[in-house]
Amino acid sequence: MDELTIRDTYTALGLSDFEYDRILELMGRAPNYLELSLFSVMWSEHCGYKNSRPLLGRFPNDGERVLQGPGENAGVVEVGDGWAVAFKMESHNHPSAVEPYEGAATGAGGIIRDILAMGARPVALLDSLRFGPTEGDSPEASRNRYLLREVVRGIGGYGNAVGVPTVGGEVVFDASYSGNPLVNAMCVGLIRVEDVLTARATGEGNLVVLIGSKTGRDGIHGATFASDELSEESESKRSNVQVGDPFTEKMVIECCLKLLEEGLLVSLQDLGAAGITSSASEMAAKGGVGIEIETDKVPLRESGMEPWEVMISESQERMLAIIEPDKRDEVLVLTERYGLVGAVVGRVADHGELRVLHDGETVGSVPAEYLADAPTYEREVVRPEYLDELPEVDLNKLPEPESFNEALLKLLASPNIRSKHSVYEQYDSEVQTNTVVRPGADAAVMRIKGTRHGFAVATDGRGRHCYLDPRGGGTATVLEAYRNLSCIGAEPVAVTDCLNFGNPEKPDGYFQLAECIEGISLACEALGTPVVSGNVSLYNETERGAIHPTPIVGMVGVLDDVSKHATLGFKREGDMVIVVGD
Amino acid sequence: MTLRVGITVFPGSNCDRDAMHAVALTGAEPVELWHADADLKGVDAVIVPGGFSYGDYLRPGAIARFANVMGEVERFAREGGPVLGVCNGFQVLAEAHLLPGALLQNTSLRFVSRRVPCRVERTDTPWTAACEAGETLTLPVAHNEGNYFADERTLARLEDEGRVVLRYLENPNGSANDIAGVCSEGRNVVGIMPHPERVSDPDLGSEAGLKIISSVLVGAGV
Amino acid sequence: MLKVRVLVRPKPGILDPQGEAVKGALPALGFEGVGTVHVGRLIELEVESERDVDAMCRRLLANPTTEEYEWEVVG
Amino acid sequence: MLKVRVLVRPKPGILDPQGEAVKGALPALGFEGVGTVHVGRLIELEVESERDVDAMCRRLLANPTTEEYEWEVVG
Ligand SMILES: Nc1ncnc2c1ncn2[C@@H]1O[C@H](COP(=O)(O)OP(=O)(O)O)[C@@H](O)[C@H]1O
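Protein chains in written order, with the working numbering: chain H, 1 to 582; chain L, 1 to 222; chain P, 1 to 75; chain A, 1 to 75.
Worth flagging that the hints you see were computed from the coordinates, not collected in a lab.
Idealized CB from N, CA, C, for every residue including glycine.
One or more of the hints may lead you astray.
What the hints assert, rightly or not - Simulated coverage check for chain A against chain P, where a stretch passes if three residues somewhere in it have a Cβ under 8 angstroms from a Cβ of chain P:
hint, segment
1, 23-31
2, 35-41
3, 52-60
Sequences are here, hints too, so could you generate the full structure?
Encoded structure:
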């Protein structure tokens, strides 16, 4: 390749000149196309957290109950009686903007697999949603209605079928999300304290087994796509969107839990963005070992796939397991029993590289730690001008409504306040029979069968507040979640978050990100609720500008006696009504 | 003697564990019946639980009815054994022609998950014997295809023969005659859309469904 | 291998809420003058002989209580 | 009125879990030797002219992201 074509190639893959030079320096040679593809997906914002990693270090992560903080597939906190919950939130904003049903469905599927990768049984889903205004006849409103309808159908279509109850969430409408909806899904899983897994490959000679679906050309370069701004052009990248299959996911869950119960796995990792590449390189980097993948051993759905396509395919409903060689037959019998693909596709090696082989020949090899260590960008935090230009509002100068009753009814009917039952009635909130408090309350309450213990969970976000006052809004988001849990009678213990922001390369976006993180951190420190997992979704911008900075907080609380919880609603005539606080 | 209640497990069943939990609460012994095994393990009754067997692909229940275990369930049913289909289980039994009619998509075209008051119309089935005739049970529904359909003649016959076992007081899905559950001619096979196993545990605030799950113990004289 | 196309549709007289929904949605998109609309299923499969196709339709692909079907070899 | 038949099917290469499930079920029914199976949608509608049919397919009847369609006038 001459220099110009090389530049075109890496640019098309989403790598900058600086990043390409860094690759040359690290490798000490020019990478081939496959190797370049590996870098491009692993160094995307989505996988590499290039813009946010330095800022995320600010979050407090430690606490008495924390068994696993950030850095694994999900955070884990202890509940009591030897039980723990694993939880995490993740965004699927871009895929949902383009193909709302499948985007939302695969979002739910992806976060469920993150929880499964910890060894936990997924027991609850929540969905935090943002859309543009849906009222009126404009094409925009009708598009927003379509997005709302299909996203909700997608979450339900996946969650209901896979048998994980959707027990809470939010729906908020604001013009800043028009054309860029937010779809954040959170999953909570239940696990015995001693069974918590890490995604760490160990043991030279151990086998790498792919479990789940066949691999197709789904979402090739999806991770790069997720880190792009939405534009006309992204419409043409539509073939990137994956289709979910909750039926197979259900079998993947049952199969993996059975494999763990039988003690057949060394390690487990889900295949999310960047497919085998990210799972294998992360497992290798964490374990300080190498992994060899034989792409011709990967069962394919489509013929003629190139090794690089196999490596970065984002086909859903797949997990990667590390097993000891003598467990091979037992593992494959079980995958077969659950009707799944089970294929030995590689092995753990001592060379520290992610090495790709095809028909016995090495077609690419990169030290796993390089892939796992994307360059990060720290920028100057500059206070944006818009904050000084915000109009001052004096609440005392607002006119009093003529009729308070009418004003109240109007408020209650407004999209952001009115009941969301039309949404959550499309979700099975009770399957698994652990749901003690269903949607419609401040938080969901779940029991842990066989114990008196339970946990409560809620999600909250305050985009407009964060726009007007990023730090204060970040703090208030945590406080709101904390109040929701307190009201229901739970002791809040830890937080997961999903940071939905605009372009961090623009000063406004970076400032908002940094300040919201500061605000969240201050609140979490004060309340003793560490951040144990999270996800970042940047570049949420359309031609019309950025969304409101919208960090979503998912908070988990514990109840020592789950029967002692409060529910909404006045219970008896004559009871007293008391206001607590300021 | 402990009554043994078999619960079928198809790929995609997702209320199987819930049904087992509820059965255990009645004092009976739950027994897992794996779809691929043509073996009922000598159980005294069978529950075909809810979920999305085979992903509900093609039509809910259409593929599950051909699972190996279903041949045995059909034989057991023909011999008069008590069989209860819940939600997807009802769909499976209808597809297998163990129950008349079919379950079409909800008229709202949406999945519906809510609590619905239902009237127990008949107590002369093994799955309603512990209920009182005419009593109202508030039961959860959670389905996309629960809209009961049968042709006019079949409907008239079901009503005449007292085979509508459970009726919605607030129809959530467009079902003909507000039908929430029916039974076979022999009355031993019952299919219902609501989920009794979800309201069978005092820890979850209601035991309305335990009456249905435990009815089979009454019939067996346990 | 033969390519077979199976069309499955709701029996006449059976409620077809999907068809109704499509019919209801068309005017809003500016498509007027649409009569009845029915939504069914299309199944395309490769078989070695056409011998079994009718039995597959009767037993699996269509529900005789609510649906009717037709099939043809298309390639 | 013209009768139009629209066939909508998953795009080649797109995961078709329904087709896979049906394919997997057929041997258990004693039908061996079945190749690929794909499940899609059949839409039959009456229109005044064929002018708008293609636009209807693109905008409502098929999802261009995941599906392809064809249509013909059948009566
Ligand atoms: N997208 C959703 N999915 C599931 N439940 C939801 C969703 N949106 C709202 N809910 C539920 O509706 C109830 C009210 O939500 P919300 O109005 O956001 O509550 P609050 O303002 O009290 O925090 C909560 O129980 C919440 O979990």
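Hint compliance check: list the failing hint numbers for this structure, sorted ascending. The structure conflicts with no hint, since it agrees with every one listed earlier.
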